[in-house]
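Novice: Sequence:
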Amino acid sequence: MNKNELTQAGFIPADWIPSDTRYLEGQLLVRMSERGILRLFIPTRNAEVELSSGTLYEPVVHYVGALDGLAAVLEKLL
62 MNKNELTQAG
72 FIPADWIPSD
82 TRYLEGQLLV
92 RMSERGILRL
102 FIPTRNAEVE
112 LSSGTLYEPV
122 VHYVGALDGL
132 AAVLEKLL
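Numbering follows our numbering, with no gaps: position 61 of the sequence shown is 122.
Warning: the hint list may mix true and false statements.
[To be verified] FRET-style restraints, in silico, Cβ to Cβ:
no., residue 1, residue 2, range
1, Thr105, Lys137, 25 to 31 angstroms
2, Arg96, Gln69, 16 to 22 angstroms
3, Ala75, Arg106, 16 to 22 angstroms
4, Ser80, Lys137, 29 to 35 angstroms
5, Ile73, Tyr118, 18 to 24 angstroms
6, Asp81, Ala133, 29 to 35 angstroms
7, Glu119, Asp76, 20 to 26 angstroms
8, Asp129, Asp81, 30 to 36 angstroms
The set of hints was computed from the structure by calculation and includes no laboratory data.
Ideal Cβ placement from N, Cα and C applies to all residues, glycine included.
I would like the entire structure built from these sequences, with the hints used as guidance.
Specialist: So this is what it looks like as structure tokens:
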């Protein structure tokens, strides 16, 4: 997935990230819905993205891998 596809899927950049989380070294995108919040972390130094829900401090990780494989996972979660 590219940035445009992520935007179309409802992901927007997080406006604030606490300094004591692991999400500072990259870009954190969020998708908010009635079902909850999904976070997509695109690290600066790693090719594997992380898709999670739950809290920033105790995430429930749904996917770790290449950005290209994310579409199939999102179809199941959305």
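Novice: Hint compliance check: list the failing hint numbers for this structure, sorted ascending.
Specialist: Of the numbered hints given earlier, the structure breaks none, since each of them holds.
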